[in-house]
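We have chain A already, so just place chain B on it with the hints.
2 protein chains.
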Amino acid sequence: MIGRLNHVAIAVPDLEAAARTYRDVLGARLSEPLALPEHGVTTIFVELPNTKIELLEPLGPDSPIARFLARSPEGGVHHLCYEVADILAARDRLIATGARVLGDGTPRIGAHGKPVLFLHPKDFQGTLVELEEA
Amino acid sequence: MIGRLNHVAIAVPDLEAAARTYRDVLGARLSEPLALPEHGVTTIFVELPNTKIELLEPLGPDSPIARFLARSPEGGVHHLCYEVADILAARDRLIATGARVLGDGTPRIGAHGKPVLFLHPKDFQGTLVELEEA
Chain A
-14 MIGRLNHVAI
-4 AVPDLEAAAR
6 TYRDVLGARL
16 SEPLALPEHG
26 VTTIFVELPN
36 TKIELLEPLG
46 PDSPIARFLA
56 RSPEGGVHHL
66 CYEVADILAA
76 RDRLIATGAR
86 VLGDGTPRIG
96 AHGKPVLFLH
106 PKDFQGTLVE
116 LEEA
Chain B
-14 MIGRLNHVAI
-4 AVPDLEAAAR
6 TYRDVLGARL
16 SEPLALPEHG
26 VTTIFVELPN
36 TKIELLEPLG
46 PDSPIARFLA
56 RSPEGGVHHL
66 CYEVADILAA
76 RDRLIATGAR
86 VLGDGTPRIG
96 AHGKPVLFLH
106 PKDFQGTLVE
116 LEEA
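In order, the protein sequences belong to chains A and B.
Be aware that the first sequence starts at -14, since it is given in my numbering, and climbs by one per residue.
Be aware that the second sequence starts at -14, since it is given in my numbering, and climbs by one per residue.
Hint data in this document are derived by calculation from the structure and do not stem from the laboratory.
Careful, some of the hints might be misleading.
Which copy? The list can't say, so a pair holds if one copy fits it or any two copies do.
[Stated by the list, open to error] Result set (EDC-like, lysine to aspartate or glutamate): computed pairs, CA atoms no more than 20 Å apart in a straight line:
hint: 1; residue 1: Lys107; residue 2: Glu17
hint: 2; residue 1: Lys99; residue 2: Asp9
hint: 3; residue 1: Lys107; residue 2: Asp9
hint: 4; residue 1: Lys107; residue 2: Asp71
hint: 5; residue 1: Lys107; residue 2: Asp47
hint: 6; residue 1: Lys99; residue 2: Glu59
hint: 7; residue 1: Lys107; residue 2: Glu1
hint: 8; residue 1: Lys107; residue 2: Glu23
hint: 9; residue 1: Lys107; residue 2: Asp(-1)
hint: 10; residue 1: Lys107; residue 2: Glu118
hint: 11; residue 1: Lys37; residue 2: Asp89
hint: 12; residue 1: Lys107; residue 2: Glu59
hint: 13; residue 1: Lys107; residue 2: Asp77
hint: 14; residue 1: Lys99; residue 2: Glu23
The following block holds chain A by itself, in its conformation from the complex (with noise of 0.2 Å):
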């Protein structure tokens, strides 16, 4: 079911800082910096040859993100996105296998404006795991 790991999300308190570690430390090629007030986040994409990181810095009074910051100052892997080929069917198939899809299971617009659905990291070896229709 699972495709393409499409990006790996960094949670980090400072995106300059983190962008700078990114580029010039590891030598990286960066997007510029973009903010999404709906997402509560401003997102740099580091671009690799097979795949993308996603730094994401907190926006906003009720960034989903904060509450990580807030547990690991220092930030860190906030989830994986993986890319399915149709994103009911996916959701379908987790909830008969017994997975928990976050939310109410309706597919939201994500930050690349395609369907996303988050599933609970309980459910599978502490991750938070996005699915993304590709």
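Relative to chain A, chain B alone:
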């Protein structure tokens, strides 16, 4: 400098259970389990079209992931591994920028039979980074 994301390593308390999650719930293709006593882990690879997820279960009393699981008993993302063309050149560049290479800076032979180095998570937004010579 960094090239492909070679793998995302996830520490898990129960490799059989994790394999069931990735195979039966997420529908991915898995390798056979491989015990690596010299690295203190048993691994299963989740083979995605563009990269791999490396599931790691502790093996033996001195496993490097036992401490991680003591803090995060459900498991979680343990490290990200990026490919580099020349690991000694990468190391020298990292040291020149002030980043900390773990150990004495001498690459060791990693789980895939290639030279690897690990970088200090405090210098990389809370993420343990492995570099592997491709």
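Comparing the hints with the structure gives:
In the homo-oligomer, the alpha carbons of Lys107 and Glu17 never lie at most 20 Å apart, since the shortest distance is 34 Å inside one protomer and 24 Å across protomers. When the C-alpha separation of Lys99 and Asp9 is checked against a cutoff of 20 Å, the pair qualifies neither within a copy, at 31 Å, nor between copies, at 25 Å. For a Cα distance limit of 20 Å, the shortest separation of Lys107 from Asp9 across copies, 16 Å, qualifies, whereas the shortest one inside one copy, 36 Å, does not. Within a single copy, Lys107 and Asp71 get their C-alpha atoms no closer than 23 Å, and across copies no closer than 38 Å, so neither meets the 20 Å cut-off.
When the C-alpha separation of Lys107 and Asp47 is checked against a cutoff of 20 Å, the pair qualifies neither within a copy, at 23 Å, nor between copies, at 26 Å. Neither within a single protomer nor between protomers do Lys99 and Glu59 lie at most 20 Å apart by alpha-carbon distance, with minima of 29 Å and 30 Å respectively. Taking CA atoms no more than 20 Å apart as the test, Lys107 paired with Glu1 passes between copies only; the shortest distance there is 16 Å, against 32 Å inside one copy. For the identical chains of this complex, Lys107 and Glu23 are neighbours neither inside a copy (26 Å) nor across copies (30 Å), given an alpha-carbon limit of 20 Å.
Taking the shortest Cα distances, Lys107 and Asp(-1) sit within 20 Å of each other only across copies (13 Å), while inside one copy they are farther apart (28 Å). When the C-alpha separation of Lys107 and Glu118 is checked against a cutoff of 20 Å, the pair qualifies neither within a copy, at 22 Å, nor between copies, at 34 Å. When the C-alpha separation of Lys37 and Asp89 is checked against a cutoff of 20 Å, the pair qualifies neither within a copy, at 28 Å, nor between copies, at 30 Å. Taking identical chains as interchangeable, the C-alpha atoms of Lys107 and Glu59 lie at most 20 Å apart only when they sit on different chains, with a minimum of 7 Å there against 23 Å within one chain.
Proximity of Lys107 to Asp77 under the C-alpha cut-off of 20 Å is restricted to the intra-copy arrangement: shortest distance 19 Å within a copy versus 40 Å between copies. In this assembly of identical chains, the alpha carbons of Lys99 and Glu23 lie at most 20 Å apart only when taken from the same copy (14 Å versus 43 Å across copies).
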